[in-house]
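Chemist: Whole structure, please, built from the sequences with the hints as guidance.
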Amino acid sequence: MITGVKSRLLLTLVPILVVLFGLLVFLTFKDSERTVLQQITRESYELARSHAKEFDVLFESSRKAAEGLALSLSDNEGCNRDEIIQKIKGNLEKNPDIYGSTAAFIPEATPLGRFAPYYFRSGDSLAYSDLDSEDYHYTSWEWFTRPVRDGRGSWSEPYFDEGGGGILMTTYSEVILCHGEIVGIATVDISLDELVARTKRLKIGDTGYAFIISDQGRFIAHPGEEVLSQKTIWELLEPGDEGMMAEFAEIIKDKSSNYIEMPDPFYGKQSWIITTDIQSTGWTFVIAYPSDEILDSLVQLRNKALFLAALIIAFVIGIVVLISSGVTSPLKRLVGQVQSYSEGNYQIKLAEKTGPKEIRDLSLAFNSLGGAIVEQIDNVRKTTAQKERYQQELLIAAEIQKSILPQVFPPFPELVGIIDIYGLNRPALEVGGDFFDIFRLKDNKIALVIADVSDKGAPASLFMAMTRILTREIASQGHSPAEVLRRVNYRLAKDNSASMFVTMLYCEYDVESGNIRFVCAGHNAPICVHKGGEVEQIPMRIGLPLGALPNTHYETSEFTLPTCSMILLYTDGITEAEDTEGREFGLENLVWNLRGAAECECKKVAHGLLGLIDEFTKGAKQRDDITMLLLCRQCALETAFDPARPIPGKEILLRLPAETGILEGVADFTELVAKDCGFDAKGVYQIKLALDEVMNNVIMYAYRGNSADNFLLKYIPLAGGLKIEIVDYGIPFDFDEKLDRYDGKASEDQPIGGIGLYLVKQFADEVHYAPETSEGNKLTIIKFRPTDGA
Amino acid sequence: MQVDYKKDGKWLIAKPTGRIDGHTSPDFEASFLEKIAEGNTHFAVDLSKVDYMSSAGLRVLLATYKSLKAASGDMALIAPQAGVAEVLEISGFASIFNIVPKAGDLD
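Quick note, the sequences are listed as chains A and B, same order.
Counting from 1, one number per residue, gives the positions in the first sequence under the numbering used here.
Counting from 1001, one number per residue, gives the positions in the second sequence under the numbering used here.
The set of hints was computed from the structure by calculation and includes no laboratory data.
No residue lacks a Cβ here, since even glycine has one placed at the ideal position from N, Cα and C.
Keep in mind that the hints are not guaranteed to be accurate.
Claimed, not checked - Selected chain A positions facing chain B (in silico; Cβ < 8 Å):
1. G661
2. L663
3. I699
Stated by the list, open to error - In silico lysine-lysine, PhoX-like type, Cα no more than 25 Å apart, as pairs:
4. K682/A with K1069/B
5. K94/A with K64/A
6. K1069/B with K745/A
Modeler: Set out below in structure tokens:
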């Protein structure tokens, strides 16, 4: 996979460049090829033309010389031999191009008879040769017979002159006329050696060459000696030959100038063949120019161009590599540095000072990011450290707060066996606003203090500490409980800038008599658990919370704690403990769970209660501080006691709120009691029902369902059964009248009422009602166990 | 307070669970009367899951019975437990209510 910038650029650019340059070179080459070919062929043609011209000039002047000689001898009957000879010689002298000349006469036509004196150049002088010799017989030669036959002058085929030294020659023969009759022939010989040599020397490129073909197809001046045989081109042609020689022959036959690319007929090499006509003799001047040589320079040019293109591409690649490296190498360095970021090394500064501006900007941006991260980390570290410090401080504060609460139990070892005291505090937050305190006062009295600051957390804990110190300090001065609270309140209210307040229950307990003097500053009333298990909320005269108003007076309530009884001081964190659905633990629940707990150890009760609360709240967050302080006035005899069960054979007194919600609980409790008294299931059911009906009556009719009121319930085990007393302080009712309302005969239009009491009467053995006694309205139910056989 | 209702032919069978006492009776009564107000004229109370019933429960049954009579309907009680049966017996209410041992015995 190609992902790098460099590779992408190269892969894109290089093929494009290669194609473009290739196309350019190709087109240029093609164009140049055409131009060069045109030029070379034209040049070659011109060369051929000029040479042909030269031949023409020579041949023309020679022909004219021959014609002049012939003319001078024509119609000249009086000419003698000497005169003729002179004319021949003069002709030679006048025309230096002429090698030799003669005037040969038809023997019968003139008086001269057989006469053919031939003069030719030999060195600087003229030599003579008599053509009318034994072995020559001039009248039979072609140069003589042809003009005579044709009646006009013409050029002979080139020939090697055997008599004159083996030179290549051609002869122009012109007729000598006398009165219109041919009487002889005047000839002019031209040596072709010079021309042939010049043709041979002709340089056509490196390997090109020129040659001449005669009218008859004979080769003249061909560089290949073997070609210069006596054979004509026609003789060279094989019959039916259709090869290059035949093609060449066709070109030669066509007398017009021509150029064509074809294989060289002699060497087979692809060549340009350029032909032009030598008009005077009808010969053909041919130039053969090998094609590859023509294109050679072109190929060289093309190669140069290709080389140049390659050079340019290489240069472009170099530039691309350079530029992309300029981009990618700073990027690579950046990547390395950013990786060190991810390894947590934010201090590294990305020092990218080279490379494109964008990269430098990126580098700077990363630097500031790094700085920001470092700063952020520093902030978080600081915040965390601060938070940890606060947490630490809170923990220390919690420790301090805990240490100022009484922690050693029993607090007064000298009173063990007389009183049991236990206190417990569990703040909702690290530090709380609740506290309790226990300290000795003079005259064998003990102060019990429980308080709840109107807030939680650190401010509450400070206020709590202050309150606790003030209370201890002022209480130690020997004031009455009401005076202690008045003074504490004054001090707290005076400088209460935070408008906090604290509810407090201050108790002065007389160890001797069990008498308690309470002063209540807006706090929950204490609960007493009596010896028999009766639970009662001690009535309080309740004053304003401490710290609310500076000049407040408090009143004292009194209560005597019987032996074997316990008093519980608590804060609303217990009764207002909520479960996950927001239901409160409640006072009734507290009261209910305390029944029969009097003789238990205070510590056990406290932790039992805390366990119950936790079980109730089922892990819901504790919303308020939980504090309880318990004091038990111990009886001499210790008895094993399960708080969930009544004590068999013992009287049990319950103080219950007047609401129907208690009915089920009481029924359950009654079942236990009745079973303890030996009743069977039917008896238990009947007792439960009778009591239920009576309690329902009390709640609904005596108290009109007002749960703020209490009534008492007392179970008294009898030898043969169980007596239950129900005492209320509500509206008495006409027992007899109500009892008579229903007679046990139900009818369809039965009025609703009286049925309950009827059932009580049916199920209980005895029912007594005593309204408005000193104790209240008392209803007594007695149920006996069925005796054997009964 | 928990009541399960089930339609069985023309009968609507109410099956309360737990105690019917002075505390819970108002809720049961409201529930029953609501069903009757909906037009159920044949109303049976299955007492098999009621382990305790005081006179307050009797009052609920009586009130239900009366409102059914006013609507020319009928009422029955099904399978009371021993304690409840005794209360019905002793209170004399057994004589006015049609009590059957099981739901299939309803006519």
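Chemist: Now, for every hint given, state plainly whether the structure supports it.
Modeler: Consistency of the hints with the structure:
1. For G661/A, the interface hint holds, since its Cβ comes within 8 Å of a Cβ in chain B; the closest pair sits about 6 Å apart.
2. Because the smallest distance between the Cβ of L663/A and any Cβ of chain B comes to about 5 Å, under 8 Å, the interface hint for this residue holds.
3. At about 7 Å, the closest approach between the beta carbon of I699/A and any beta carbon in chain B falls short of 8 Å, and the interface hint on this residue holds.
4. Restraint check for K682/A and K1069/B: not satisfied, since their Cα atoms lie roughly 33 Å apart, outside the 25 Å limit.
5. For the hint linking K94/A to K64/A, the alpha-carbon distance of about 12 Å falls within 25 Å, and the restraint holds.
6. As the CA atoms of K1069/B and K745/A are separated by approximately 19 Å, the hinted pair is consistent with the 25 Å bound.
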